[in-house]
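Trainee: Residue numbers (our numbering), protein chains in the order written: chain A, 549 to 732; chain B, 43 to 210; chain C, 1010 to 1417.
To be clear, the hints were calculated from the coordinates, so they are not data collected in a lab. Mixed in with the good hints, there may be bad ones.
Think about it this way: if two alpha-carbon atoms lie no more than 25 Å apart in a straight line, the pair counts; the simulated SDA-like pairs of lysine to any residue are [claimed, not checked]: (1) Lys1394/C to Lys1111/C; (2) Lys65/B to Lys1197/C; (3) Lys1271/C to Lys203/B; (4) Lys127/B to Lys191/B; (5) Lys1307/C to Gly1234/C; (6) Lys203/B to Asp576/A; (7) Lys191/B to Ala1063/C; (8) Lys90/B to Lys1307/C; (9) Lys637/A to Pro1320/C; (10) Lys176/B to Ala1063/C; (11) Lys637/A to Arg1218/C; (12) Lys1271/C to Arg1218/C; (13) Lys1111/C to Leu125/B; (14) Lys1111/C to Pro1320/C; (15) Lys112/B to Gly1348/C; (16) Lys637/A to Asp1224/C; (17) Lys1114/C to Lys203/B.
Which residues of chain A face chain B? A few of them, derived with a C-beta cut under 7 Å, are [said to hold, decoys possible]: (18) Phe614; (19) Glu617; (20) Lys638; (21) Thr671; (22) Gln676.
Backbone N, C-alpha and C fix where the C-beta goes; we use that ideal spot for every residue, glycine too.
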Amino acid sequence: MLTETDKYNVVQAPPGVEGSGFFATSLDKAVGLARKNSLWPLPFATSCCGIEFMATMASTYDLGRFGAERLSFSPRQADLLMVMGTIAKKMGPILRQVYEQMAEPKWVLSMGACASSGGIFDTYSVLQGIDRIIPVDVYIPGCPPRPEQVIDGILRIQDLVGKESLRRRNTPEYKALLAQYGIE
Amino acid sequence: MSNELLTYISEKLKAGIGNGLLKAEMAYDFPVFEIERDSIHLAIKLLKEDPDTDFHFLTTLCGLHYPDNKGKELGLMYQLHNLPKNHRIRLKTFFPVQDPTVPTITDLFPAANWMERQEYDFYGIKFQGHPNLKRILNMDEMNYFPMRKEFPLEDATRTDKDDTMFGR
Amino acid sequence: MNKEIIYTGENKFIDPVTGQEKEFTTLNLGPTHPATHGIFQNILKMDGEVVLDAEPTVGYIHRAFEKIAERRPFYQITVLTDRMNYCSSPINNMGWHMTVEKLLKAEIPKRAEYLRVIIMELSRISDHIICNTVIGVDTGAMTGFLYLFQWRELIYEIFEEICGARLTTNIGRIGGMERDFSEIAWKKIHKFMDEFPDKLREFEKLVTRNRIFMDRTIGCGGISGQNALAYGFTGPNLRAAGIDYDVRVMNPYSSYQDFDFKVPVGTNGDVYDRFMVRGQEMWESLSIIRQAIDKMPKGDFHADLPEFYLPPKEEVYNQMEALIYHFKIVMGENDVPVGEVYHAVEGGNGELGFYLISDGGRTPYRLHFRRPCFIYYQAYPEIIKGGMLSDAVLTMSSMNVIAGELDA
């Protein structure tokens, strides 16, 4: 017999203490659960990968199933920066500015070979990987990656988001990480 | 067909620019004319405005660089098209790298605007009379012309490439 | 509105209608604006909602294709062409292969050419689906996009079956196709041919005679035929302006002369005409594919070009000669004739030209791509002047400007 949860495939509650009329769990877990299933991605699509991202968003693959169908084109309201496609040196400062404009907590997904490493474009005009200017959480390989891979990348991001401690962004380690990139 | 076009255009050009026409030959299916830099603008203008030839469509133009060709290192290739008759021709002009100036053809073809900016960006060819000659694809701060043969393709900031195993 | 606007100060201009001095606003549209598909920057001078002037900046994904091409053997350049107009990569691939074949003066068997035609027309459809549905999205009709993309996936599946990749296909080889279509590929093509026309008709029903869509697009972003020619327009955008220039008809390549198809033209060159021309071209493409399937000749799927066409793997493993050729091809050690060729194909956006100078070396001496987007996008400020900001957005999507092709 199908239970209500099976039918709608809702996310399971984190482990906690349950009684009549209450459910107690740690704040970290509750917030992580909420965050990871309502990601607002900012698509920073520059080239070929953007077209494959369109396919991921469209009906056949439907990223909306993972709570990430609300694209936020404003960096101020986005949680997840999805960098898709070649980032030229001319584009580098703009990408960095967009990253700096995003509010904490923020995550970065680098989609495709070009964004991750420069890919086949080892040329004078192409930035050899966005991790030279901003920190990256998840890399998706492929040129371009298939929509399934993109979905997998989003799931990996969700894992990170769900498990992240609420204090991580205030730790000296995180500050040191940002300082490496020269981001205040 | 194409050979007739070659002789026909050669005669037109000879009448128009005289000794400015240096060479006329076939390159595969294209009549190619090499024209002196001083007459290139006039030649294109003639070909465009003469109702018989009527080359009113600029297909493309691109820069060329032959470093070993002393005195004629840099060049430009123009490709013109007469759509109703489907005549296509190619014009070339060469000039020394020390003096890379060429008259602009933006007054004849507005389409040449960005193409010329691109060739300025790539080769440093200065188009005299161009309304807005500045870099288009690369950053304004770039201090060299990357498509010239002496400049490397690779990004100079890569440190992960190890040449000890594979002689690159 | 085509009067010259006189600027009197830092942010002041004289209103051409009233003759009074007014203040204008500067609006930075792009490079990461959701309405600019791909990354373009336009610095707009706005009088309220009306665009007075625009200054486009491009080059945000300049990847130096032409420079890379000077350092890569011929068969490796196919990979670069994929990434130029990534909405219709197979057309770029085929264009490049045909350019090299022209240089080699190779004779390509009919079957290979017909297979190429099928692939090229499929990718033209996939290109136009993106453009037309995105015009829909920009006018507020998301439905068409979500709906037609399901059948666009079928095209991807066909490509995947033929070459193994969905988007950046690297399809075909210099000399023909790398393999004949498999049984499954044919099945998928037939499935697409059976299902897609109905869906396309539904999409057209949804949009073409829709009053809101028509009001929004007719007379918006128009350009005259004369101007379009002067700005070097080609492809659907030129045809929408009423000039019937199509490379497939003018300089037939890959046996296009064998097929019977119409070249749709518009009259006003506005967004609606571009939309209609692209829509009609999809129908013509479908008809070409159907003809190609019906008339598919028997024979070889690649030319006899041992210097360029990789020998079959079984022979490479068992025969000396095949192994040598394989090695030579992969290392790019083959003799290429000296010469210069120009070959143009009708890409998704217009005349996609390859100008190749070979000095006999393993790489091209110079390879210039005539990228239709790059050439016609410079007319963009001219087109949007005097229109509304929302029309400017719509005009951009209707021109189908592809960043990868534009910036090369």
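Trainee: Taking each numbered hint in turn, which are not upheld by the structure, reported in ascending numerical order?
Mentor: 1, 2, 3, 4, 5, 6, 7, 8, 9, 11, 16, 17, 18, 19
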